[in-house]
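S.K.: Chains A and B, in that order, give the protein sequences. First residue of the first sequence: 1, per my numbering; consecutive thereafter. First residue of the second sequence: 1, per my numbering; consecutive thereafter.
FYI, nobody ran anything at the bench for these hints, they're computed from the structure. Just so you know, not all the hints are guaranteed correct.
Unchecked claim - In silico contact screen, one side only, chain B against chain A (beta carbon under 10 Å); selected entries:
(1) C27
(2) S35
(3) A40
(4) F65
(5) Q71
Even glycine gets a Cβ: it sits at the ideal position worked out from N, Cα and C.
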Amino acid sequence: MSGDRDAEGVGAGDPLRVVPTDAPPSGACRRKGSFTPSLTLMGEHDLCPGCGEPLALRQILDSIEALGQAQRAIGVVGIGCYTALTSLMDVDLIQALHGRAPSVATGAKRMRPECLLFTLQGDGDMVNEGLQEVIHTAARGENVTCILLNNGVFGETGGHMTATTVLGQRTKNSIEGRDARLHGHPILIGDLLARLDGTAYVARASVHDAAGVARTRRFLDRAFTSQLKGQGFSFVEILTMCPTGWFIPTAEGPGYLDRELGAVHEVGELKKDGVLVGG
Amino acid sequence: MSRAPSRGTVVIDAARCKGCELCIPACPPRVLRMSARRNASGYLLPELLEGCTGCGACLLVCPDFCFEVYQLDAPDAAKTTGGIA
């Protein structure tokens with residue numbers, strides 16, 4: 001296949017040597033990271049190229065395992081592209097109706113308080129279809145962790161505008177960009193939930209680069225730890241790429257996420273130990 | 001253009017890759033680039049150059065779980081690995 005590289009102009013005379021990557025190194029080495037998180041049943045999935053949701057999934061599963069909760073974790077999953085990831089996840093799962101995951105998690109947690117309860121929801125599922133569910137669950141201070149994968153579009157049904165779509169963002173039904181006069185303003189769900197007295201931990205992360213993914217993991221660890229301490233409702237919003245729904249090339253997804261969505265849904269911890277950060 | 005010896009390396013699951021290119025800018029030493037090779041699904045594949053540090057950034061940003069990361073006990077041992085690039 002070196003001929004192909006020659007055709008690209010980076011083969012002949014190229015001082016950079018290509019390293020084989022089809023097998024583990026033969027010399028003494030240490031495996032630092034595996035293909036898939038250990039709490040996955042398989043690696044293949046049908047989500048689009050450049051999707052940010054599997055990045056979040058890896059951190060969620062790794063966090064659950066690192067905290068020793070693999071046998072006690074119950075996930076409640078909403079409806080969205082990420083629902084297809086449930087066939088990968090090696091933890092107990094309940095499939096909820098659109099937006100109803102926080103209420104289902106409430107019931108499961110009250111009956112099985114020793115379990116680690118988390119929801120996995122998208123912005124369409126949580127902030128459009130079932131907004132009241134997450135608000136009431138947070139206000140009641142239920143000791144569950146709700147995880148929002150926020151890409152600003154209804155990805156699964158074709159990339160339509162959601163309640164978190166930022167002003168100016170192009171979607172299938174805001175093709176000239178979201179206009180406040182026509183479509184209203186986005187809901188900053190993390191900021192909204194942080195103001196409720198029942199919430200103990202609220203954070204917003206983004207998977208637009210490796211540092212952002214690592215930060216996502218730290219926030220997930222803190223949210224789950226908050227639940228294990230019995231502090232009340234915890235919430236992690238994770239901004240994810242949806243290049244298909246945003247009509248952009250996959251390689252431009254992280255930059256678009258950071259520049260457009262990240263400018264409105266600002267990354268950081270909003271509430272820790274029941275106290276607003278900076279408030 | 002000189003490169004530091006490889007302190008790490010990766011195995012790329014080419015069959016699973018969807019050619020999204022997220023790993024290319026995520027690599028701190030910039031030793032991943034897109035090749036002209038395609039997998040059976042027709043997606044262009046990344047390739048690794050010398051100088052990998054085994055940091056694992058590619059693994060963190062790959063949506064399709066295509067990377068396995070190794071740190072080498074002896075720098076540059078990646079040159080001795082088998083297989084065809």
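S.K.: Against this structure, judge whether each hint is valid.
M.R.: Status of the hints after comparison with the structure:
Proximity of B:C27 to chain A holds as hinted, the smallest CB-CB distance being about 9 Å (cut-off 10 Å). Satisfaction of the interface hint for B:S35 is found here, the shortest Cβ-Cβ separation to chain A being roughly 6 Å, below the 10 Å cut-off. For B:A40, the suggested interface contact is broken, since its CB lies about 13 Å from the closest CB of chain A, more than 10 Å. Because the smallest distance between the Cβ of B:F65 and any Cβ of chain A comes to about 4 Å, under 10 Å, the interface hint for this residue holds.
Residue-level restraint check for B:Q71 holds (minimum Cβ-Cβ distance to chain A is 5 Å; threshold 10 Å).
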